[in-house]
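Undergrad: Listed below, chain by chain, are the residues.
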Amino acid sequence: MGRFVRSPKDVVTGLLLIFLGAWFAWLGSDLPIGRAIRMGPGYFPLVLCGILAALGLIVLLTGLDFGGDAEADEDARQIAIPWQGLALITLSVVVFGLAVRPLGLGPAMGLAVFISAAASRRFSLKGGAIMAAVMVAFAWAVFIKGLGLPLPMLGPWLGGY
Amino acid sequence: MEIFDHLALGFSVAFTFQNLFYCFIGVLLGTLIGVLPGLGPVPTIAMLLPITFGLPPVSALIMLAGIYYGAQYGGSTTAILINLPGESSSVVTAIDGYQMARQGRAGAALATAALGSFFAGSVATFLLAVFAPPLAEIALKFGPPEYFSLMVLGLVASVSLASGSVIKALAMVVLGILLGLSGQDVYTGTPRFTFDIVELADGIEFVALAMGLFGLVEIIRNLEDEHTRTVMVQKVQGLMLSKDDFKRIIAPVLRGTILGSFLGILPGGGAMLSSFASYSIEKRVSKNPQQFGKGAIEGVAGPESANNAGAQTSFIPMLTLGIPSNPVMALMIGALIIQGIVPGPNVVNEQPNLFWGIIASMWIGNFMLVVLNLPLIGIWVRLLTVPYHILFPLIIGFCCIGVYSVNNNVYDVYAMAAFGVFGYLLVKLDCEPAPLLLGFIIGPMLEEYLRRAMLISRGDPSVFVTRPLSAVMLAIAVLALTLVLLPSVRKKREEAFKE
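First to last, the protein sequences are chains A and B. According to our numbering, the first sequence is numbered sequentially starting from 1. According to our numbering, the second sequence is numbered sequentially starting from 1.
Pulled out of the complex, with its shape left as it was, chain A reads as follows (with noise of 0.2 Å):
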């Protein structure tokens, strides 16, 4: 990291602000702003997105070093990030979105589990598999028979309406 910089933490967070403030101001850039007394669509986010950039702005400025008082932050240290864990829980959720409709809740469920299950170190795949049977097994009888949603467990790629 650079000389300027105290806490690379809080550079990221202010970018990162500053830039949801810009971005959320583009995207509501065609709303009708209207006036004080007849509020349009358009004028809280706006005025909410000024706000969002110049806490932003506040948390940069905070993060950077200009000398003086500069004590290095302990923070600063590198944290692990677990990048297959958080692949896998995402990756779950979204088949999970995937399969619903086309393949029902049963397989879906099941991948789902399956698939999050993988993301722990002590995974295997008979645990994974027994998992992912018990839990369609037990959405079966609490969701579908016990609270009556109108979910089909297969669904029309397998035969299911």
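Since the hints were made in silico from the structure, they are not lab data. Glycine is no exception: its CB is placed at the ideal position from the N, C-alpha and C atoms. Keep in mind that a hint or two might mislead.
Listed next, the stretches of chain B that the computed footprint assigns to chain A, with coverage defined by at least 3 CB atoms under 8 Å from CB atoms of chain A [said to hold, decoys possible]:
no. : region
1   : 174-183
2   : 210-222
3   : 382-392
4   : 397-406
Given the structure of chain A, go ahead and fit chain B onto it with the hints provided.
TA: The following block gives chain B in isolation, referenced to the frame of chain A:
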């Protein structure tokens, strides 16, 4: 006495078979998730929100409330027995509770926690019954400017009392409000921030946001260091307290109850802050503070009473003003809205069954919890042996079906995944997601009151400072903000949170 009529009504609602059943389910689930580390009340309530659609509002809220205060009981069990706080609010209980357990006094510690919690819960519920209706009465006189200022004050206060950077928390609130505004504009029907996706026309689904930010993020965080939990389950004996113990815990329980009841009302307060504050007070007033950290029973009694009292009184602003003081209350408001009830001061008068039913159920629930927690302690201890790598895929499964069943909309599922990743990024940047959730819930109301206020004042923003009540509330908000941002106070505050 009017209050007794009201309470009688409440008990008649709470004592129906159905509501007793849901109250029991709620406290049972609460104890369960309190015992299981890595699963807190926020993701659990978010997961159960879709299930509550089919229930009558009273039953739904009774169950959800039970989960919240039930978790306070359950969390202390693990804190005492294995030095692993199941809930953030029982972190301090672990300090002395675990030491007591190591000295073979686990039974006494558990009994102290349960009895202290029961006493505090009952008193705080009584306070809720006494103070909520008059407060709602006052709030009914509020106009749009007062409401706007009250909400600003609530948000600012919750930010100042939270741990971590105030600026970042404020930014999270603003971001939450922006996200909360997504969907159709109430006045003109113009879609905002919907990316022209039809499925997003109703805005971001609250359940998806809450589950992503709290459920998924929590799981990914726990995967960071997957250590094997070794549970030493000893036999818990001696659940009875000696006379001497009783004498020692009376004062801390009373102090904890008062402190927790007060702090619970404050936005941003609630269970966690109460327990921390109580511990430091008990340590300060104790004649032999060197005992603290080595198994002082006062260090269990005070914080445990405080966290349950705080959990109970944090319902006051939620039920009377429609303002959430913590993420759990934000979810409760979400549940009310889902049920078609507009949160706010009208709930007390227009939904007396709901209001008094919930209050009465809290007494019943607290009583059930004592019964559940003391004699059945062995069952809960055995649950601790469920390894996390078996638990979390099941939680993922619940989250998926839960969020999908809200609207049968797969975009909600994708939104949950996206908020999981985004929330994890925020956590890594030391931005807590809780203020974001508060902002998300309050955002739409805030905009509506702002627009109405400006319409009344003919576009003159000075209306917020010329109406006395509104001016006072804004002044307090500004004062609170400047106070926490002052360098000297900032240092002290950081120290206090570190302790």
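Undergrad: All the hints need checking, so say for each whether the structure fits it.
TA: Hints, one by one, checked against the model:
Here's how the region 174-183 of chain B fares: 5 of its residues keep a CB closer than 8 Å to some CB of chain A, so the rule of at least three is met and the hint holds. Restraint check on the region 210-222 of chain B versus chain A: 3 residues with Cβ-Cβ distances below 8 Å, three needed, restraint holds. Here the region 382-392 of chain B counts 5 residues with a CB under 8 Å from a CB of chain A, which clears the bar of 3, and the coverage holds. For the region 397-406 of chain B, the stated coverage by chain A is satisfied: 6 residues place a CB nearer than 8 Å to a CB of that chain, which reaches the threshold of 3.
Violated hints are absent here; each numbered hint is respected by the structure.
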